[in-house]
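A.B. asks: Sequence:
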Amino acid sequence: MYFTKKLLFLFIFFGCFTIYAQERKGKEVLNIFTFEEVEELHQQTPKPILIFLYTDWCKICFGMKKTSFKNQEVIKLLNNNFYFIKLNAEEKKEITFLGKMFTYKPTGTNTGMHELAAELGTIKKTIRYPTTIILNTVFEIDAQLTGLYNTREMIDILTAYID
Numbered sequence: 001m002y003f004t005k006k007l008l009f010l011f012i013f014f015g016c017f018t019i020y021a022q023e024r025k026g027k028e029v030l031n032i033f034t035f036e037e038v039e040e041l042h043q044q045t046p047k048p049i050l051i052f053l054y055t056d057w058c059k060i061c062f063g064m065k066k067t068s069f070k071n072q073e074v075i076k077l078l079n080n081n082f083y084f085i086k087l088n089a090e091e092k093k094e095i096t097f098l099g100k101m102f103t104y105k106p107t108g109t110n111t112g113m114h115e116l117a118a119e120l121g122t123i124k125k126t127i128r129y130p131t132t133i134i135l136n137t138v139f140e141i142d143a144q145l146t147g148l149y150n151t152r153e154m155i156d157i158l159t160a161y162i163d
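Residues in the sequence shown are numbered consecutively from 1, following this note's numbering.
Worth flagging that the hints you see were computed from the coordinates, not collected in a lab. Heads up, the beta-carbon is just placed ideally off N, CA and C, and yes, glycines get one too. Do not take every clue at face value.
To be verified - Simulated restraints on C-beta separations: (1) Thr-34 - Asp-142: 19 to 29 Å; (2) Thr-151 - Gly-26: 13 to 23 Å; (3) Ala-118 - Lys-27: 16 to 26 Å; (4) Leu-41 - Gly-108: 15 to 25 Å; (5) Lys-125 - Glu-73: 18 to 28 Å; (6) Tyr-161 - Ile-32: 15 to 25 Å; (7) Lys-105 - Asp-156: 32 to 42 Å; (8) Lys-124 - Lys-100: 18 to 28 Å; (9) Glu-28 - Pro-106: 31 to 41 Å; (10) Gly-99 - Gly-26: 35 to 45 Å; (11) Gln-72 - Gly-108: 37 to 47 Å; (12) Gly-108 - Lys-27: 22 to 32 Å; (13) Ala-143 - Ile-32: 13 to 23 Å; (14) Asn-110 - Thr-159: 38 to 48 Å.
As the list claims (entries may be wrong) - Below, simulated EDC-like cross-link-like pairs (lysine to aspartate or glutamate); rule was C-alpha separation at most 20 Å, straight line: (15) Lys-93 - Glu-153; (16) Lys-92 - Glu-73; (17) Lys-76 - Glu-140; (18) Lys-27 - Glu-39; (19) Lys-100 - Glu-37; (20) Lys-92 - Glu-119; (21) Lys-100 - Glu-115; (22) Lys-76 - Glu-91; (23) Lys-66 - Asp-163; (24) Lys-59 - Glu-40; (25) Lys-65 - Asp-163; (26) Lys-125 - Glu-36; (27) Lys-47 - Glu-36; (28) Lys-27 - Asp-56; (29) Lys-93 - Asp-163; (30) Lys-59 - Glu-37; (31) Lys-93 - Asp-142; (32) Lys-65 - Glu-90; (33) Lys-100 - Asp-156; (34) Lys-93 - Asp-56; (35) Lys-86 - Asp-142; (36) Lys-125 - Asp-142; (37) Lys-27 - Glu-37; (38) Lys-76 - Glu-153; (39) Lys-47 - Asp-142; (40) Lys-47 - Asp-156.
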């Protein structure tokens, strides 16, 4: 009797893991690139670039990362049609893009902004987080979308841009 209960428990226990593993296996993962990688890949396969400009303290940015960019339809649209880059506006490392070196510029004791974030995200002399930026295949800014975009809105934006 004890052996049967133990066997039943093990069967259920491992069965749950098997089901979970199969469920996870079918999910696509979002391909995230650096600016340097995109420049290299772009030479072989030109695609528009979608840049998600965020900060670590921005709750809306966090929400978009956890919802809009985790959605399987959004992931599929991004992976198939864009190069996706996440850029923390307060990133401290140097980034080389299009032959120019961009660096972090402090504005106070614990504040500052990366030059590339300012270059890509500034609209009418201000910057808001999050900002979703789309660069076309010749690296020109086609769109600067500020604020929260839920999954449905993101799908509509990506689909409209592709069409």
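A.B. asks: For every hint, state whether the structure bears it out.
C.D. replies: Each hint tested on the structure:
Take Thr-34 and Asp-142: their Cβ atoms lie about 21 Å apart, and the range 19 to 29 Å holds. Between Thr-151 and Gly-26 the Cβ separation comes to about 18 Å, which falls inside the hinted range of 13 to 23 Å. With their beta carbons about 35 Å apart, Ala-118 and Lys-27 fall outside the hinted range of 16 to 26 Å. The hinted range of 15 to 25 Å is not satisfied by Leu-41 and Gly-108, whose Cβ atoms lie roughly 37 Å apart.
Evaluation of the 18 to 28 Å hint for Lys-125 and Glu-73 yields a failure: the beta carbon distance comes to about 35 Å. Take Tyr-161 and Ile-32: their Cβ atoms lie about 19 Å apart, and the range 15 to 25 Å holds. Between Lys-105 and Asp-156 the beta carbons are some 35 Å apart, a value that agrees with the proposed interval 32 to 42 Å. Remark: the range hint 18 to 28 Å for Lys-124 to Lys-100 is upheld by a beta-carbon distance near 23 Å.
Under the hint 31 to 41 Å, the C-beta atoms of Glu-28 and Pro-106, about 39 Å apart, fit the expected range. Against the hinted window of 35 to 45 Å, the Cβ-Cβ separation of Gly-99 and Gly-26 comes to about 41 Å, which satisfies the hint. One distance hint, 37 to 47 Å for the beta-carbon pair Gln-72 and Gly-108, holds here, with the actual separation near 41 Å. Evaluation of the 22 to 32 Å hint for Gly-108 and Lys-27 yields a failure: the beta carbon distance comes to about 42 Å.
Restraint check, Ala-143 to Ile-32: a C-beta distance of roughly 19 Å satisfies the suggested window 13 to 23 Å. In this structure, Asn-110 and Thr-159 meet the distance hint of 38 to 48 Å, their C-beta atoms being roughly 40 Å apart. The hinted pair formed by Lys-93 and Glu-153 fails the criterion: a straight-line CA distance of about 32 Å is larger than 20 Å. For the hint linking Lys-92 to Glu-73, the alpha-carbon distance of about 32 Å lies beyond 20 Å, and the restraint is violated.
This hinted pair does not check out: Lys-76 and Glu-140 have alpha carbons roughly 23 Å apart, beyond 20 Å. Among the hinted pairs, Lys-27 with Glu-39 is inconsistent with the structure: their alpha-carbon atoms are about 27 Å apart, more than 20 Å. Taking the CA atoms of Lys-100 and Glu-37, the gap is near 15 Å; set against the 20 Å cutoff, the hint holds. With a C-alpha separation of about 15 Å, the suggested pair Lys-92 and Glu-119 falls inside the 20 Å cut-off, and the hint holds.
The straight-line distance between the Cα atoms of Lys-100 and Glu-115 is roughly 11 Å, inside the 20 Å bound, and the hint therefore holds. At most 20 Å may separate the alpha-carbon atoms for a hinted pair to count; Lys-76 and Glu-91 exceed this at roughly 27 Å. Pair hint Lys-66 plus Asp-163 does not hold up; C-alpha atoms about 26 Å apart against a cutoff of 20 Å. A distance of roughly 33 Å separates the Cα atoms of Lys-59 and Glu-40; the hinted pair therefore is violated under the 20 Å criterion.
Straight-line distance between C-alpha atoms of Lys-65 and Asp-163 comes to about 24 Å, which puts the hinted pair past the 20 Å bound. Proposed proximity of Lys-125 and Glu-36 is contradicted: the alpha carbons are some 27 Å apart, above 20 Å. A threshold of 20 Å between alpha carbons decides the hint, and for Lys-47 with Glu-36 the separation of about 15 Å falls inside it, so the pair holds. As the CA atoms of Lys-27 and Asp-56 are separated by approximately 26 Å, the hinted pair breaks the 20 Å bound.
Pair hint Lys-93 plus Asp-163 does not hold up; C-alpha atoms about 36 Å apart against a cutoff of 20 Å. Of the supplied pair hints, the one linking Lys-59 and Glu-37 is violated, its CA atoms being roughly 28 Å apart against a limit of 20 Å. For the hint linking Lys-93 to Asp-142, the alpha-carbon distance of about 26 Å lies beyond 20 Å, and the restraint is violated. A C-alpha spacing of about 17 Å is found between Lys-65 and Glu-90, which places the hinted pair at or below 20 Å, so the restraint holds.
Using a Cα cut-off of 20 Å, the hinted pair Lys-100 and Asp-156 is violated, with the two alpha carbons roughly 33 Å apart. For the hint linking Lys-93 to Asp-56, the alpha-carbon distance of about 15 Å falls within 20 Å, and the restraint holds. Proximity of Lys-86 to Asp-142 is assessed by CA-CA distance (about 17 Å); at most 20 Å being required, the pair is judged to hold. For the proposed pair Lys-125 and Asp-142, the alpha carbon gap of about 18 Å is at most 20 Å, so the pair holds.
Proximity of Lys-27 to Glu-37 is assessed by CA-CA distance (about 24 Å); at most 20 Å being required, the pair is judged violated. Pair hint Lys-76 plus Glu-153 holds up; C-alpha atoms about 15 Å apart against a cutoff of 20 Å. With a C-alpha separation of about 13 Å, the suggested pair Lys-47 and Asp-142 falls inside the 20 Å cut-off, and the hint holds. This hinted pair checks out: Lys-47 and Asp-156 have alpha carbons roughly 18 Å apart, not beyond 20 Å.
In this structure, the earlier hints numbered 3, 4, 5, 12, 15, 16, 17, 18, 22, 23, 24, 25, 26, 28, 29, 30, 31, 33, 37 are contradicted, and the remaining ones agree with it.
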